[in-house]
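Undergrad: Here the protein sequences line up with chains A and B, keeping their order. If you count the first sequence from 1, position 160 lands on 160 in our numbering, and the numbers rise without skipping. If you count the second sequence from 1, position 44 lands on 44 in our numbering, and the numbers rise without skipping.
Keep in mind that a hint or two might mislead.
[Claimed, not checked] To give a feel for the contact side, a few chain A residues facing chain B, derived at Cβ under 7 angstroms: (1) Pro-10; (2) Leu-18; (3) Ile-22; (4) Val-25; (5) Tyr-37; (6) Phe-83; (7) Ala-84; (8) Pro-105; (9) Met-108; (10) Leu-113; (11) Leu-131; (12) Phe-198; (13) Tyr-217.
[Unchecked claim] What the simulated footprint calls covered on chain A by chain B, stretch by stretch (three residues with Cβ under 8 angstroms from a Cβ of chain B suffice, anywhere in the stretch; the number is not a length): (14) 91-102; (15) 132-142; (16) 199-213; (17) 229-236; (18) 239-245.
Simulated from the structure, these hints should not be mistaken for lab results. Ideal placement from N, C-alpha and C gives every residue a C-beta, glycine not left out.
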Amino acid sequence: MMTRALRTTPLWILYAFLYIPIAVVVFMSFNASDSPYTWTGFSLQWYPALLQDADIMGGLRTTLIVAVGTTIISVILGTLLAFALERYFPSRFLDAAAAAPAVMPDIMLAVGLLAFYTLVGFTLGPVSVILAHSVFGIAFVAAVVRVRLSGLDPSLEEASRDLGASSLKTFWSVTLPGIRPAILAGALLAFTLSLDEFTVAYFTASPADPTLPIVIYSSVRFGVTPQVNALATLLLLVSFVAVLLAQRTARLSDSLRGRNT
Amino acid sequence: MTSRTSAGVRRHGDGPLLRALASVPALTYLVILMAIPLALVIAYAFLTAGRFGGVQGPVTLDNITRMFQPLYLEILVSSVVNAGIATAFAFLIGFPAALVITRLSPTWQTAALVAVVLPFWTNFLIRTYAWIVLLNREGFLSDGLELVGLGPVEFLYTRQAIILGLTYAYIPLMVLPIYASLQRLDPQLLEAAQNLGAGPWRRFRTVLLPLTLPGIITGCLFVFIPSLGNFVIPELLGGGNSQMIGNLIRDQFLKSRDWPFGSALSLMVLALLVIIVMLQASASRRTRKWGA
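Start from the sequences and build out the full structure, keeping to the hints where you can.
TA: As structure tokens, then:
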């Protein structure tokens, strides 16, 4: 028993490192005190206070619009991309190009998109952020869907065609149901990704219409406030639930393993 | 994998029109919103800043040579050093943890991996912010030290805080690829080494390390690359006096409006990235040779 605990110590160290800071923020969000650092007693007051904060509510609205738009574009184009990569035009070059948004430093994409939008005279706002976030979103959806697609039994689709179904009919009633969990997981990931993304949004959003992470950034630069703790706790909760759901629907860890080999 | 893919190409009955219809939109999207923006950054690096922002001619190498002025060179070097140290710490914590995960039962492996990845999918600003709460002079760590008579200490706004923040932000990306390559390792190789009398350190150095090197290098890249371009962590945890390349790039684009110089700095990040990826490719080729 003792040796077993000892052998898993490195993993517990990692978990402590990962989760203690998060736990502290959650804990401090229930603090009654005005000071974000000293604990004076339990209170839920900072949660309703969020609703009164115009900046936060405005940021929330923008972020939700952006995240929903990103999810829609990412799911459609990402799924199509998965087909292109896995079945229609498999090539190492396309693989690398499709993985690039996920591994590239986000600041490169951020300044590139700012330069591009300025060059073509595209007005910055929620739409410019949606288009920017979808570059990542498409890559992640494609990565998750293609793993599922490669595991799909081709004889089912063959049988469908042999029985006289058209390509579209086969896709709609055989292929699509087969990859649906992966599409759902991809959608959840694209949504979370967009919800939490800061760097690219910072460069491509209109200053008049910031996303929630940009609002948090501006307020954190001027110091820690109890409201931010409460907001952080709620956002953590949303991300945790979305990722756990994605994991349940598509055994996400399998695709993560696949992607990083 | 390859055979299945080629079989898929032969077997699926979708005509060329359908294939094109399915593939063109996504690829067009990535060309317009990824390839063209990146090409713009590369092109702008060789242009001159316009008087009111934007870019103009003539074509010049001034932006490139300007990066090698001591002021900027110092920031470039310290960025690489910060990102490098953060990567090393992520490896030191991440490798043993990945090793532990591979020894769990399959169900627990999945759960353990999800627990590692989960924080990565949460808001990056919030995770950085959490360290302000912990490291501040009035924060938990300082209070703890004060209780035992060592405080108060200001951990925030130091270079160490930046490195800590970078390690924390990207460590899940170190664990995943290392886990993947450890899992493919044949455990008999380790047993054989043990039976032949190799101690733990020797087994690590001569079997584990070389055979999982591709995964280790991938993990290091996944931590190093985003660390290098990060500007939020240096700003929030390092305070105003510690800059990294990311801060410089941000300032050129959003404050001084010197886009060509900002582009040149981005190009530098890209160049470092390409060099490192090439090193990785050659290292994994070598490992494959050893493996065979």
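Undergrad: Are the hints correct? Go through all of them and say.
TA: Cross-check of the supplied hints:
1. Using the Cβ-Cβ criterion of 7 angstroms, the hint placing Pro-10 of chain A at the interface with chain B is satisfied: the shortest such distance is roughly 3 angstroms.
2. The restraint placing Leu-18 of chain A at the interface with chain B holds, with a minimum CB-CB distance near 5 angstroms, inside the 7 angstroms limit.
3. The restraint placing Ile-22 of chain A at the interface with chain B holds, with a minimum CB-CB distance near 6 angstroms, inside the 7 angstroms limit.
4. The restraint placing Val-25 of chain A at the interface with chain B holds, with a minimum CB-CB distance near 5 angstroms, inside the 7 angstroms limit.
5. For Tyr-37 of chain A, the suggested interface contact is upheld, since its CB lies about 4 angstroms from the closest CB of chain B, less than 7 angstroms.
6. Against a cut-off of 7 angstroms between C-beta atoms, the interface hint on Phe-83 of chain A holds, since the closest Cβ of chain B lies about 5 angstroms away.
7. A hinted interface residue such as Ala-84 of chain A counts as satisfied when its beta carbon comes closer than 7 angstroms to some beta carbon of chain B; here the least separation is about 4 angstroms, so the hint holds.
8. Residue-level restraint check for Pro-105 of chain A holds (minimum Cβ-Cβ distance to chain B is 3 angstroms; threshold 7 angstroms).
9. Because the smallest distance between the Cβ of Met-108 of chain A and any Cβ of chain B comes to about 5 angstroms, under 7 angstroms, the interface hint for this residue holds.
10. Evaluation of the Leu-113 of chain A hint against chain B yields a held restraint, the C-beta minimum of about 5 angstroms falling below 7 angstroms.
11. A distance limit of 7 angstroms between C-beta atoms decides the matter here; for Leu-131 of chain A the minimum to chain B is near 6 angstroms, and the interface restraint holds.
12. With its C-beta approaching chain B no nearer than about 5 angstroms, Phe-198 of chain A sits inside the 7 angstroms limit, and its interface hint holds.
13. Annotation: interface hint on Tyr-217 of chain A holds; nearest CB of chain B at approximately 6 angstroms, less than 7 angstroms.
14. Under the rule that three or more residues need a Cβ within less than 8 angstroms of chain B, the assignment of the segment 91-102 of chain A holds, with 5 such residues.
15. Under the rule that three or more residues need a Cβ within less than 8 angstroms of chain B, the assignment of the segment 132-142 of chain A holds, with 5 such residues.
16. Only residues whose C-beta sits within less than 8 angstroms of a C-beta in chain B count toward coverage, and the segment 199-213 of chain A has 3 of them, enough to reach three; the restraint holds.
17. For the segment 229-236 of chain A, the assignment as covered by chain B holds, since 4 residues bring a beta-carbon within under 8 angstroms of that chain's beta-carbons and 3 suffice.
18. Counting residues of the segment 239-245 of chain A whose beta-carbon sits less than 8 angstroms from any beta-carbon of chain B gives 5, enough to reach three: the coverage restraint holds.
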